[in-house]
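S.K.: Start from the sequences, fold in the hints, and give me the full structure.
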Amino acid sequence: MGIITVLWEKWTEFKRDFYKITLAAMISPLMYLIIFGMGIQTTSHGEPYLNYLIPGIVAMSSMTGSFSAVAQNMSVQRLYEKALDQVMVSPTPLWQFIVGQIIGGSLRGMYSSCIIILLTMPIHTGLIFNLKSFAILFLNGTVFSTIALVLSFLAKSYADAPKYNAYIITPMSFLCNTFFSTDQMPLGFRQVIALLPLSQCSTMVRSIAGGGEASYFGVALLLVYLLIFSTISFLFIYKKKNL
Amino acid sequence: MIELRNLTKTFGDFTAVDHLNIKIETGEFFGLLGPNGAGKTTTISMLSTVLLPTEGEVLVGGQPLTRKNSEQKRKLSVITQEYSMRQDMTVTEVMEYQGRLYYMPKKTIREKTDELLEFAGLSQYRRRVVRHLSGGMKRKLMICRGLMIDPEIMLLDEPTAGMDALSRRQMWGLLRQINDRNLTIVLTTHYMEEAESLCDRIALIDHGKLDTVDTPANLIRDLGAFAVDEIEENGTIISKFFTTREEAIAYLSGLGSQATLRNSTLEDVFVERIGSHLMKR
Chain A
1 MGIITVLWEK WTEFKRDFYK ITLAAMISPL MYLIIFGMGI QTTSHGEPYL
51 NYLIPGIVAM SSMTGSFSAV AQNMSVQRLY EKALDQVMVS PTPLWQFIVG
101 QIIGGSLRGM YSSCIIILLT MPIHTGLIFN LKSFAILFLN GTVFSTIALV
151 LSFLAKSYAD APKYNAYIIT PMSFLCNTFF STDQMPLGFR QVIALLPLSQ
201 CSTMVRSIAG GGEASYFGVA LLLVYLLIFS TISFLFIYKK KNL
Chain B
1 MIELRNLTKT FGDFTAVDHL NIKIETGEFF GLLGPNGAGK TTTISMLSTV
51 LLPTEGEVLV GGQPLTRKNS EQKRKLSVIT QEYSMRQDMT VTEVMEYQGR
101 LYYMPKKTIR EKTDELLEFA GLSQYRRRVV RHLSGGMKRK LMICRGLMID
151 PEIMLLDEPT AGMDALSRRQ MWGLLRQIND RNLTIVLTTH YMEEAESLCD
201 RIALIDHGKL DTVDTPANLI RDLGAFAVDE IEENGTIISK FFTTREEAIA
251 YLSGLGSQAT LRNSTLEDVF VERIGSHLMK R
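As they're listed, the protein sequences go chains A and B. For the first sequence, counting from 1, position 7 maps to 7 in the working numbering; every step adds exactly one. For the second sequence, counting from 1, position 79 maps to 79 in the working numbering; every step adds exactly one.
Treat the hints as calculated values from the structure; they're not laboratory data. This list has only true hints and no planted wrong ones.
Stretch-level coverage of chain B by chain A, calculated; a stretch enters the list once three of its residues show a Cβ under 8 Å from a Cβ in chain A:
| id | stretch |
| --- | --- |
| 1 | 48–59 |
| 2 | 63–77 |
| 3 | 83–95 |
| 4 | 100–108 |
C-beta atoms are modelled at their ideal positions from N, C-alpha and C, and glycine is treated no differently.
M.R.: Right, here's the structure in full:
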């Protein structure tokens with residue numbers, strides 16, 4: 001029930017800011033597609049670079065969409081509007097609030113990914129986006145929603161949210177198998193990058209898009225991230241002395 | 001009944017609330033009065049579970065109040081100092097969100113929203129976004145939101161802060177009507193007149209410590225119901241307090257300088273009890 005309340009709150013926000021949310025979800029990925037995919041026409045692994053780029057950008061969009069939906073919303077609610085107080089004092093179990101945020105954030109991430117898939121449809125790349133892809137994107141969204149929750153609880157001021165974006169989301173956007181393969185990275189660094197959630201998501205979405213399968217290891221790793229960050233979120237909301 | 005038992009909150013080396021022991025009876029209008037930084041808001045934040053105590057506990061109806069205790073929290077409604085609500089929601093969305101957080105059926109949410117917005121004079125602003133409401137309207141909306149759930153206890157942290165005199169008096173009327181519903185109200189305020197006019201009992205707190213708890217009338221009587229203000233040559237006003245009018249008049253008649261006789265107020269109690277501590281520091 002509390003989960004539905006949070007999803008209702010997210011839905012009212014989505015309806016109200018539909019154009020802003022949609023435009024924000026479109027602009028950066030579109031720029032990347034135009035510049036790297038159409039402007040600089042190359043091939044990767046013997047295929048048009050666009051076929052490599054689109055799944056990466058779809059995965060990246062699920063990350064940025066989920067992260068920004070939760071980080072921005074929670075930081076504003078906790079530090080600026082103090083609207084979190086309304087939830088804290090209510091009888092809605094706080095775990096339901098957290099789960100609602102995770103699902104709501106992930107759905108926003110999926111919305112961003114779907115926009116990119118729709119926009120690239122006329123290109124006729126032959127890429128496949130099926131239920132498995134969406135399941136991976138949803139899982140990736142839940143991971144980044146929980147990361148956003150943890151960082152929102154750690155934030156000391158409203159200005160911290162953009163910092164987290166700059167230190168975590170931007171580097172991942174470029175390095176995690178989105179624009180180029182991690183195989184080209186130096187040994188050691190490559191392995192570390194490969195273990196990041198977006199690298200796994202990009203790899204799996206790309207594999208499915210090319211007619212392959214998602215790896216069990218990738219799904220397991222995303223689930224581990226989800227478990228770790230959601231546990232920290234629950235601990236924060238129940239145990240953090242000063243929310 | 002609400003009981004604060006040894007309630008303590010520290011932030012690093014700073015003790016904001018220091019072993020506070022207060023019992024608030026059911027249906028009571030209770031005031032927490034103190035200077036800036038006295039620990040009033042911290043106390044309210046611990047009552048709303050936004051802050052967890054470093055030591056001690058809050059009991060509601062004999063049961064400890066915790067973040068997990070949904071049944072205890074169902075009885076509480078908090079109106080914080082800040083406009084703690086989604087600024088991008090409309091008035092009705094704010095009310096609906098509150099109703100949903102308290103598991104109210106949709107029909108009840110609609111009916112209560114209509115009734116409360118009418119009660120607070122906000123009916124014509126129901127589609128307005130919170131951000132575009134005046135400060136006074138936001139405060140009224142917070143009261144409506146607080147009443148949406150038929151709480152047993154209302155915690156009001158400076159509900160009239162920043163309001164003009166007229167809006168403040170309207171709010172007092174609203175709060176009196178609420179208290180008539182046998183709600184327990186805990187109010188923090190800077191306005192002495194407000195506390196004197198509304199509260200059954202008042203706790204004076206300073207630097208997180210309880211100074212005294214009593215009714216406004218008793219606090220004034222203990223200080224002396226009559227005050228003589230003596231204006232010195234440099235413009236400083238020195239007040240002296242007397243139990244009877246006769247004593248005050250006798251003192252006044254012996255004064256050479258300019259002086260006036262008046263009834264003592266809660267502000268005098270505050271200045272004498274808390275102000276003198278502040279000046280000594």
